[in-house]
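Visitor: Chains as they are written, first to last, in our numbering: chain R, 567 to 714; chain V, 2 to 170.
Be aware that a few hints might be false.
[Claimed, not checked] Derived Cβ-Cβ restraints for the label pairs, each shown as a range:
#1 R/Val-602 to V/Ala-161: 56 to 62 Å
#2 R/Leu-712 to V/Thr-66: 52 to 58 Å
#3 V/Arg-59 to R/Thr-570: 42 to 48 Å
#4 V/Asp-39 to R/Glu-645: 37 to 43 Å
#5 R/Lys-665 to V/Pro-104: 29 to 35 Å
#6 V/Ser-33 to R/Asn-623: 50 to 56 Å
[What the hints assert, rightly or not] Straight line, CA to CA, 30 Å or less: simulated DSS-like cross-link-like pairs of lysine-lysine:
#7 R/Lys-676 to R/Lys-691
#8 R/Lys-691 to R/Lys-665
#9 V/Lys-152 to V/Lys-37
#10 V/Lys-107 to R/Lys-665
#11 V/Lys-37 to R/Lys-676
#12 R/Lys-572 to R/Lys-691
Quick caveat, the hints were computed from the structure, so don't treat them as lab data. Virtual Cβ for every residue (Gly too), placed ideally from N, Cα, C.
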Amino acid sequence: MRITDKQVAVLRAQLVGNREEHLRLADQLDPDEANVCYTALVAAAFIEAAEERFIRNGDAVDHSEVIDFVAQVRERADEMPDIIDPQIAESMILDLLGKGSMVDADPDTKFGHQIVLLAALVGEKQFTEDQLDAFLGNARALADELLQ
Amino acid sequence: MDYSAVEIGEENILALRSFLREGPEAWVPLQSELQKDDETAAGYMSLVYGAFNVAVRRRFSPTYTVGDIVRFVADLRMAAGEDADRINTLVAEDMIRRALDAPRPKDDGGDDVGDVVRAEMYILLYLIAEADLDRAGLEQFIDEATAYTEKWLEARRDEAAASPFSRTR
C-alpha cells in the first residue's frame, strides 16, 4: 500500500483548518485504507514536524522545552487540558527524541494526540502554500517507507 | 481519619515555618515526631494543606483561567529541572482547581498519595519563593494558613459529628 493524493489532501485540509473540506474528503476515504494509510501519514507528518522542532544541530532539546510546548497547546482553550494528556503528549515527543519511552495509550488516543500536536507544530511554522506542500511531500515519502 | 483529635499546636506552626524557609529537609529531624500517631501526622499535614490552599488562592486571585493553571504547573515543572517528572501534571492541576473551587478536570491524574504529597510540597514551596515574602509577610502568611486550617478542621469535626457513623470519644 502507498499513500494516495487523496489522503494527502485530507491531511492538508485539516492542517490549514479547512474543516468542511477535511470532512468532505475524509468521507471519501476507504475505511480500511484510512485506518492504515492515513494513520501512517499522520504519524510520519508528526515525526517530521517534531524532529524539525525539537532537534537542533543534531541534538535533542531539553525536556523543559517539550514541557513548555505541550503547555502552550493545552493552555490555548478551556477544553484543551481535558483533550491533551500532558504525560502522553510529552512522552510521544520524548520517545521520538530518544529521551524516554512512550507511555501506554490506546491507538485512538495516540492518534488524537498526534493530530493535535501536529496541527500545533505546523501552525507555529506558518508555512506558505509551497512550504506546506513540501512538508507534506516529505511526510508522504516517510509514510510510504513506514508502510513497506 | 478522626479529625476530632487533630489540633494545630505551636510545634506544627514551628514546623511549617521551617518547611517554608528551608524546604522538605527541615522535616527530617521531625520524622519520628511526625510518625508518632495518625493524629500527630494529620496535624502537620493539615497545616501544610491549609498553607497550600491559602498560597494558591492568593496566587490565582482575583481572576484566572484554566490556561493560567496549565501554564503555572508547566513553569513549576520546568523550574524543577530533572525533578520535572516527579510532579504529576494532572494531579497538580487538579489540586489547584480544587483549592480554587474551579470545575474539576475529566482526568484528575489518580489518587496516588505520593503524587498528591509531592505536588502539594512543590507547589507550596514554589509559590512561597515566587511571592518573595519578607519576615513580616511570611508571618502573616503563616497566621492566615493557621486560621484557614483551624476552620477546615472545624468543618471536618462538624461533618463527623453529623454523621450517623461517628464515633464518640
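Visitor: The structure should be examined with respect to each hint, and the outcome stated for every one.
Guide: Taking the hints in turn, this is what the structure says about them:
1. Between R/Val-602 and V/Ala-161, the C-beta spacing of about 59 Å keeps the proposed range 56 to 62 Å intact.
2. Our hint of 52 to 58 Å for R/Leu-712 and V/Thr-66 is violated, since their Cβ atoms are close to 39 Å apart.
3. A C-beta distance of roughly 57 Å is found between V/Arg-59 and R/Thr-570, which places it outside the suggested range of 42 to 48 Å.
4. At roughly 40 Å, the beta-carbon separation of V/Asp-39 and R/Glu-645 lies within the given 37 to 43 Å, and the hint holds.
5. For the pair R/Lys-665 and V/Pro-104, the beta carbons lie near 34 Å from each other, so the given range of 29 to 35 Å is met.
6. About 52 Å separates the C-beta atoms of V/Ser-33 and R/Asn-623, a value consistent with the hinted range of 50 to 56 Å.
7. Restraint check: the Cα-Cα separation between R/Lys-676 and R/Lys-691 comes to about 23 Å, which is no more than 30 Å; the hinted pair holds.
8. This hinted pair checks out: R/Lys-691 and R/Lys-665 have alpha carbons roughly 24 Å apart, not beyond 30 Å.
9. The straight-line distance between the Cα atoms of V/Lys-152 and V/Lys-37 is roughly 24 Å, inside the 30 Å bound, and the hint therefore holds.
10. Straight-line distance between C-alpha atoms of V/Lys-107 and R/Lys-665 comes to about 28 Å, which keeps the hinted pair within the 30 Å bound.
11. Under the criterion of a C-alpha separation no larger than 30 Å, the hint pairing V/Lys-37 with R/Lys-676 is inconsistent with the structure, at around 46 Å.
12. The hinted pair formed by R/Lys-572 and R/Lys-691 meets the criterion: a straight-line CA distance of about 23 Å does not exceed 30 Å.
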